[in-house]
Amino acid sequence: DQQVKQNSPSLSVQEGRISILNCDYTNSMFDYFLWYKKYPAEGPTFLISISSIKDKNEDGRFTVFLNKSAKHLSLHIVPSQPGDSAVYFCAASNAGGTSYGKLTFGQGTILTVHP
Amino acid sequence: KAGVTQTPRYLIKTRGQQVTLSCSPISGHRSVSWYQQTPGQGLQFLFEYFSETQRNKGNFPGRFSGRQFSNSRSEMNVSTLELGDSALYLCASSPGYSGNTIYFGEGSWLTVV
Chain A
409 DQQVKQNSPS
419 LSVQEGRISI
429 LNCDYTNSMF
439 DYFLWYKKYP
449 AEGPTFLISI
459 SSIKDKNEDG
469 RFTVFLNKSA
479 KHLSLHIVPS
489 QPGDSAVYFC
499 AASNAGGTSY
509 GKLTFGQGTI
519 LTVHP
Chain B
200 KAGVTQTPRY
210 LIKTRGQQVT
220 LSCSPISGHR
230 SVSWYQQTPG
240 QGLQFLFEYF
250 SETQRNKGNF
260 PGRFSGRQFS
270 NSRSEMNVST
280 LELGDSALYL
290 CASSPGYSGN
300 TIYFGEGSWL
310 TVV
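Chains A and B supply the protein sequences, listed in that same order.
Number 515 in the working numbering belongs to position 107 of the first sequence; there are no gaps in the numbering.
Number 215 in the working numbering belongs to position 16 of the second sequence; there are no gaps in the numbering.
Note that these hints are calculated values from the structure, not bench results.
For clarity, every value in this text was computed on a predicted model and none was experimentally measured.
Warning: the hint list may mix true and false statements.
Here are some of the chain B residues that sit facing chain A, going by a computed Cβ distance under 10 Å [claimed, not checked]: (1) Ala201; (2) Val203; (3) Tyr234; (4) Gly261; (5) Phe263; (6) Leu309.
Label pairs and their calculated CB-CB ranges [stated by the list, open to error]: (7) Ser278(B) / Gly468(A): 40 to 48 Å; (8) Gln489(A) / Glu251(B): 24 to 32 Å; (9) Gln410(A) / Ser285(B): 16 to 24 Å; (10) Asn258(B) / Leu419(A): 27 to 35 Å; (11) Gly261(B) / Gln489(A): 39 to 47 Å; (12) Ser418(A) / Ser221(B): 32 to 40 Å; (13) Thr279(B) / His484(A): 43 to 51 Å; (14) Thr206(B) / Lys476(A): 38 to 46 Å; (15) Gln410(A) / Gln253(B): 37 to 45 Å; (16) Pro238(B) / Asn465(A): 26 to 34 Å; (17) His484(A) / Phe259(B): 45 to 53 Å; (18) Leu419(A) / Arg266(B): 23 to 31 Å.
For each residue, glycine too, the CB sits at the ideal point set by N, CA and C.
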């Protein structure tokens, strides 16, 4: 049972344009969401997070939007840069319970930013 | 501030052997969790330790075990290795409280032959 889904395996964007990565979840107990960027053979690098009490969080070029009613979140990267090319993972946890140390990950989306 | 450190980075083991991986969390972090990444299954949660106690556990067989020491350093052990255990094993640390960011190490690449 895939509780966190990233339905787009890949996304290709031109440098300077917006990249939008999507994530859906099914577990209504999830209330804390994180996005990670990952290169092959390296550990995930934290990008940005959002709690379910918010619907938007910004950090520089990265903005995460959360739609609780649709159980959907998205990561916007503006402007996209070639160095952003990597695999992006969405992760969720039940921070309000005792499972905040346990992340459930999506399958990842490969982002390619073309110069 | 040093990040999450995992050792060894790469290792090759034979089927049937056992392996121990080590993780040093970020200073001051009390929670350490372990994940397995494989091409077919993605990133899957193994277990989490907080103040030397296992707080959460994923759906892995008993061959996978771990422990945490009083200095928050953690080890995970896999006994009776199978070919399917070949994976990138990732350690993550956090302060251990609700809403804390979880930071990952570079991982340990295990190949079972």
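Verification of the supplied hints:
1. Look at Ala201(B): its Cβ only gets to about 14 Å from chain A, farther than 10 Å, so that hint breaks.
2. Because the closest C-beta pair between Val203(B) and chain A is about 7 Å apart, less than 10 Å, the hint holds.
3. For Tyr234(B), the shortest C-beta to C-beta distance to chain A is roughly 8 Å, which falls under 10 Å, so the interface hint holds.
4. The interface hint given for Gly261(B) is broken, as the beta carbon of that residue sits about 18 Å from the closest beta carbon of chain A, more than 10 Å.
5. Residue-level restraint check for Phe263(B) is violated (minimum Cβ-Cβ distance to chain A is 15 Å; threshold 10 Å).
6. Look at Leu309(B): its Cβ only gets to about 13 Å from chain A, farther than 10 Å, so that hint breaks.
7. The supplied range of 40 to 48 Å is met by Ser278(B) and Gly468(A), whose beta-carbon atoms lie about 45 Å from each other.
8. As the Cβ distance of Gln489(A) to Glu251(B) is approximately 43 Å, the hint placing it in 24 to 32 Å is violated.
9. A C-beta distance of roughly 23 Å is found between Gln410(A) and Ser285(B), which places it inside the suggested range of 16 to 24 Å.
10. In this structure the supplied range 27 to 35 Å holds for Asn258(B) paired with Leu419(A), their Cβ-Cβ distance being about 30 Å.
11. For the pair Gly261(B) and Gln489(A), the supplied restraint of 39 to 47 Å holds, since their beta-carbon distance comes to about 45 Å.
12. Taken as a hint, the range 32 to 40 Å holds for the pair Ser418(A) and Ser221(B), whose Cβ atoms sit roughly 35 Å apart.
13. Against the hinted window of 43 to 51 Å, the Cβ-Cβ separation of Thr279(B) and His484(A) comes to about 46 Å, which satisfies the hint.
14. The beta-carbon spacing between Thr206(B) and Lys476(A), approximately 41 Å, falls within the hinted interval of 38 to 46 Å.
15. About 25 Å separates the C-beta atoms of Gln410(A) and Gln253(B), a value inconsistent with the hinted range of 37 to 45 Å.
16. Between Pro238(B) and Asn465(A) the CB atoms are about 31 Å apart, so this pair conforms to the stated range of 26 to 34 Å.
17. Checked against the given bound of 45 to 53 Å, the beta carbons of His484(A) and Phe259(B), roughly 35 Å apart, lie outside it.
18. Separation of Leu419(A) from Arg266(B) is about 40 Å and departs from the stated range, judged on CB atoms against 23 to 31 Å.
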